[in-house]
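Novice: Heads up: the sequence lines are chains A and B, in that order. When we follow our numbering, the leftmost residue of the first sequence carries the number 1, and every step to the right adds one. When we follow our numbering, the leftmost residue of the second sequence carries the number 1, and every step to the right adds one.
Incorrect hints may appear among the rest.
What the hints assert, rightly or not - The calculated label-pair distances, taken between Cβ atoms and stated as ranges, are:
1. Arg189(A) with Ile72(B): 21 to 31 Å
2. Thr209(B) with Leu290(A): 15 to 25 Å
3. Ala55(B) with Leu30(A): 55 to 65 Å
4. Phe65(B) with Phe113(A): 46 to 56 Å
5. Ser157(B) with Thr276(A): 40 to 50 Å
6. Gly37(A) with Phe65(B): 48 to 58 Å
7. Phe56(A) with Leu158(B): 25 to 35 Å
8. His102(A) with Val124(B): 52 to 62 Å
As the list claims (entries may be wrong) - Here are the simulated lysine-lysine pairs, DSS-like style, with alpha carbons at most 30 Å apart:
9. Lys53(B) with Lys257(A)
10. Lys61(B) with Lys131(A)
11. Lys53(B) with Lys202(A)
12. Lys93(B) with Lys131(A)
13. Lys53(B) with Lys131(A)
14. Lys186(A) with Lys93(B)
Claimed, not checked - Stretch by stretch, here's where chain B covers chain A in the computed footprint (C-beta under 8 Å, at least three residues):
15. 194-201
16. 233-245
If you are wondering where the hints come from, they were derived from the structure by calculation, not from laboratory data. Ideal Cβ positions, reconstructed from N, Cα and C, are used throughout, including at glycine.
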Amino acid sequence: MGQSRWSKLRQTEAANGLLMISPTAIYALLLLAAPLGTIILYSFLTDGYLEIIRTFTFANYIEAWTNELYRSVMIRSLGVSMAVTAVTVLLAFPIAYFVSFHVAPSKKSLWLFLITIPFWTSYLIRVFLWKVILGYNGVINSGLLGLGVIEEPLTFILYNVNSVVITLAHAYAPFAILPIFVALEKIDRSLLEAGQDLGESKFMTFLRVTLPLAMPGVIASVLIVFIPTIGDYVTPQLLGGPEGRMVANLIQLQYLKLDNYPLGSAIAVSAMVIVTIVSLVFVGLNRRYLRGPK
Amino acid sequence: MKGGWFKVYAIVYLVFLYAPIILLPMFAFNDATIISFPLTGFSTRWFEEMLDKPALSLAVKNSLFIAVTSSILATTLGVFAARASTRYRFPMKAGLMGLIMLPLVLPEIIVAVSLLVVLLGLGVSLSLWTVILGHVLICTPFCIAILSSAFQSLDQSLEEAAYDLGESAASTFRLIILPLVMPGIISSLLISFTISLDEFIIAFFLAGTEPTLPVYIFSQFRFPQAVPVIMALGTVLVCLSIVLLTIAEYFRRRGIAKAGGKDTGGFL
């Protein structure tokens, strides 16, 4: 009886699907969901001298949110991420538009390939090379000095927030281009002709037809750039200087240098909560674009 | 000309994208310890010096081991999830797939610290294997993205025909499905290999005392005299990843063509 019920269950699509996904799902539950749960738990515990004391407390959150240093780093990280997102997506849109609308279909893959190659080369070395480009004796300064445009090397482009924004905007470029490209590719070209046949100018057709239809892609690229950039460690560490440190540097400091896991966890959880709230608000504001034509 | 300004913009943008990579070989072959302009002369001494560093070759060995193991494990897990999500409907599908794909957007430092806390809590000592655990987690979503398109373009009637002709589920998978998605699998292996080889933060937190290549590179940035060798190393890595990606792209396209699909371009 039990045997046959089991074999019947095995025949159903749902059971097959669950069975098939179970190795990956179990892996993700054990090594992603459980660890995330653990740092949330840790963030409510107390840091003892050599061990974690198992008493429930909000002290870590109070510290993370009221300490001037932590709060300013958090606000700066949020600001940097937003700036990076805005710059990256605005610069990426015309490229996605160009590849989708102006490149011959047979050449599209080649363009996408060209765009993705730099992304697959050593991230650390790329970040370091931005330091070379933006530095005091760097490419930009020596170039501008050589051309006689400036008298003295520019100093506002390295070891501050600007250099972090430029480098991250470079690092996340393909992430922004690809979702927008996919959304643009899906647009039925006859809609654009219809817009122009009905007397709209090219620009108005773009604003009223193309842009709203491309919004799901724009929203996806905003999220895919915004969420990871807030946790970037390497770029602020190498290029940020003391003024450009971000939340990941703070988390690393708490975990590996100060050994304060509860406070580190509280900062990490706070950053995730802020990112989630900002993302949800952003998606909420744009929800009318996400309703598909079903 | 149609899209003239767009083309100019696109070329300027590509220059921006490639700027660091163009500089890399310039400094790698430059005969000066300081990384700045003007260049002083051609030299291959940084490449020679690179071959002569035991710490570097240990880091390369560690990274290769991590990358090969992670890419095999991540692709295996990716095959299960991609097959399940393209072929079956089942309860909690969106939730489970969401969780599995989460590392795609989750900051890597969060993955790193949460794994660190759990592993240390369980008393696991940090080693290359703990790095592999983390790398499999972040590579799997990329594998699924590639493999899903391979499984999606699969014609289900081929599979049904095999069943009708008396093949079992296992032999159908081996004889029909596997060969058709093989290009996707190869491309997934190469992509996850590349991601793992380049991953820094998780290795930085979870490797313990074992250096991986990115951790080694990061440590060398503190010593200005060590940087030219890193530029040489970077040049080699860029060439290597371009070769790997070209192979991956070739197999991805062949896979789509094989299954009779239309190329929509791109890895992601």
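Novice: What are the numbers of the hints the structure violates, in ascending order?
Specialist: Hints 1, 2, 3, 4, 6, 7, 11, 12, 15 not satisfied by this model.
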